[in-house]
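Asker: First to last, the sequence lines map onto chains V and L.
Sequential numbering from 5 applies to the first sequence in this note's numbering.
Sequential numbering from 18 applies to the second sequence in this note's numbering.
These aren't lab readings, by the way, just hints derived from the structure by calculation.
Mixed in with the good hints there might be a few duds.
Stated by the list, open to error - Examples of chain V residues toward chain L, derived with CB under 7 Å:
hint	residue
1	VAL16
2	LYS18
3	GLU19
4	GLY27
5	VAL28
6	ILE32
7	GLY33
8	ILE37
9	VAL38
10	LEU39
11	LEU41
12	LEU59
13	PHE100
14	ASP303
15	ILE310
Claimed, not checked - No more than 27 Å apart at the CA atoms, straight line, and that leaves these computed lysine-lysine pairs for DSS-like:
hint	chain 1	residue 1	chain 2	residue 2
16	V	LYS313	V	LYS289
17	L	LYS151	V	LYS20
18	L	LYS477	V	LYS18
We treat Cβ as the ideally placed atom computed from N, Cα and C, and that holds for glycine.
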Amino acid sequence: MINVGYRKQKKVAKEKIQAYCYGVWKLIGIIVIVLTLFNVVFSIYWKDKTRLYYLDVGQGDACVITHNQQTFLVDGGGNRYMDDANNIGRRVVYPFLLDKKIDNIDVAFISHMHYDHVKGILELLEYVNIEKVAISHVYKTIIEDQDRLQESPLIEELINGCYENGSELLFLEAGDIIVGENIRVECHYPYAKTPYQENENNNSMILELVTHQRRILFTGDIEEDVERLIVNEGLNNTSIDLLKVAHHGSKTSSSRMFLEMLKPSVGIISVGKNNHGHPSQEVLKRYEEFKIPVYLTKDYGMIEVIIDKKELKIKTYLIKD
Amino acid sequence: MSFQGLLLILCIYSISNYTFSYFQVLDFLEARDSKDVLTLDIDIKEVRQTEYGYQCYFKVAKVTSQSQLVGYTGYVYIKEYELNQLLNHSKLSEFKYLAHRYRITGQFEKNWYPKNPGQIHPLIYLLGQRSFGKFEYDNIELMTNDQVEAKQFFSVFQQKNAQYRQRIREKVDKQLSVCFRQIEYGLLKAMILGDKTTVDQDLLTRYSRSGLSHILAISGLHIMIFIGCLEYIFRFFQWPRNFRFRMTFSISIAYLWLLGFIISAIRAMGMGLILIFTIAYDKVYVRDRILYLIICSFLIIFPNALFSISFLLSFGAVFGLFYLYPILRKKYYHFRENVLLYFMFDSLNISLSILLVTFPILLYFFKGISLSGFIVNVLVIAVVPLFYISSIISVFASFIHPLLGRFLAGTATIISSYILSVMLVLDFDFGFLNYGALSLQYIVVYYSGLITYVVFQHVKREEND
């Protein structure tokens, strides 16, 4: 009798466990279906919108561009005086990418080799898969010359980082175009004949992003000399929709002739606490004169620009006091 | 005491701890963001030269009004000439500034908030680091010796405690350096004292590539070997079980103190001690309950551990050993009479059981999996206990005479060479398979499948029994 009772109990227990397992599988099925549906709805909603995120990286530049499944990065911010392992790339850009569930960057553009533009990308190479890194062709001469390369630790670190993480290094010159799906990035400067400049700011690449027939210009840290060159050579006839103000709003850039030629609808200044007096009040006044609204990352936090077929919308992470 | 009783105590402890921490945080925020001008007595710990002046990292020793800030660290920019003036030195490179205590008056830097999505709130980050960030000082002065003497008892105790710990660590460190070559010395310092700084960087990378990094950390494996050795020694003296447990417990706590109460060691030690406790006090040895108790208590005390890779991997490994290992063992149990073959299958089974549970975690976090690591682990894990025990014996012997220590260190050196050669031979370029990030959906499905399989096997085994 005892044995029979025990077996019965066992049978009941077994049935219970089987029912439990069946329930678990049912639940998993529902979760998978719901998540898939959510993914589909989410991807439809997100499709065909280009989003530009001008991150607040303090004194420096970093802009993440997403369009459908493609991601581009223009500069990565950075601080010369922070720990190598705990710099802007690790503490600001990487958490942002995690937040947006981005683990692959198609092309990372480095405007020029200053800490506040390149350091973040050097850090990101360790954490995110960056397929291609695009730099100005003027650095080719440095890379080919071992002695000069040793004097340029950032370039050396970049080459090593690209090699270790399997990222392809591209050298861009004026006229080069990187084409994605319904999006393209065109390089306007430096020209093929432009040599390496002693003033590093003037080695900056000028990049134009074209999406949904809108034009966004990234100017790195170019100064007036380069602006004059661009004005003389001419860019394109149409005015641009959005300008990343050169050199954090420094008075050495954003000359009148440059603004007259570009006629930007909106300007964005990526700037933080600094000792260089950026942004210059003179430059801010100039933008005011030209009736160009300017957004500063130090006031607004991250600035998000959403572009679709209909409009160009600007959203800020913080509201200005 | 029952399992539920222990959990209840832990819950009460945790709730009271959180409530206390919550008020502490509120006090901290109030103190930090108050508009009062604060006077802090600080000890400078580290100085870095920047364009804004000397960035001095300091620890607060005393505060005039806000005692919540004592013990917290922070940093302050001090102008070079001011520091020179205070110390009356022409050269700062002599690091004289570290030997003094300073009194600074000023306020904390305000406006801490994240300015980008996904960015950790700087204040939460700083609180986690027990730091309050930047202090803007109006006045700085050097304190005289008389002022510094008036220290609180607690800080004196803390200092003494740290001094004693450091002294013993240095002693062990010295004995290790006497007995072993540089390679084994670095390895053993990491295994015994939890200090990886002396491990050669290339070697560290090699261990990491081979999936053997866990050997260099104070993990459950080392702690269980340690506790097992103690138990074995005490049994040799035929001491009663209760007494053996008390001795093991006391020595384990002393070892934890020597390690500086690091979390991974506490976790492993807790597991080992509860195991010994159940044996010593004739409690029914309920393995599963011990495991769940440790997991629950750990998650109650450190909820963030759920997202910590070390926590997930270590408990994943234990799950594998508890539930998958016995199931897989049945497949080769009939070979038990052939000792060598059985040992080989058993080593393979241990690694496979652990891998089957942990590989989704590895894929999720590392976006790939080390195939050569699996084989290396099979070949190496079996010799680790021997390496650990022989090394400890050598260290103890070296206290008697350095030559004796060196002589006995021969066994450990041979095993270390074996580990290195295994790593070198199996260091293939294609050893690491890159799969990209694994979706959370697949992980849920995989673990549900695995748990269902284990439950079915468990039911089947009970039926057969």
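Asker: Does each hint hold? Answer for all of them.
Answerer: Evaluated hints:
1. VAL16: violated (12 Å)
2. LYS18: Interface hint status for LYS18(V): holds (5 Å vs cutoff 7 Å).
3. GLU19: At about 10 Å, which exceeds the 7 Å cut-off, the nearest Cβ of chain L leaves the hint on GLU19(V) violated.
4. GLY27: Because about 11 Å separates GLY27(V) from the closest Cβ in chain L, which is outside the 7 Å limit, the hint is violated.
5. VAL28: This interface hint holds because 6 Å falls under the 7 Å limit.
6. ILE32: For ILE32(V), the interface hint holds, since the closest Cβ of chain L sits about 5 Å away, which is under 7 Å.
7. GLY33: Given a least distance of 9 Å, the restraint on GLY33(V) is violated.
8. ILE37: violated (10 Å)
9. VAL38: Cβ of VAL38(V) sits 10 Å from chain L, so the hint is violated.
10. LEU39: This interface hint holds because 5 Å falls under the 7 Å limit.
11. LEU41: The hint is violated - LEU41(V) has no Cβ within 7 Å of chain L, the shortest such distance being about 12 Å.
12. LEU59: Result: holds, 5 Å to nearest chain L Cβ.
13. PHE100: holds (5 Å)
14. ASP303: This interface hint is violated because 10 Å lies over the 7 Å limit.
15. ILE310: violated (14 Å)
16. LYS313(V) - LYS289(V): violated (32 Å)
17. LYS151(L) - LYS20(V): Roughly 60 Å separates the two Cα atoms, so the pair is violated.
18. LYS477(L) - LYS18(V): Between LYS477(L) and LYS18(V) the Cα gap is close to 9 Å, so the pair holds against 27 Å.
In the structure shown, a violation is registered for the earlier hints numbered 1, 3, 4, 7, 8, 9, 11, 14, 15, 16 and 17, in ascending order.
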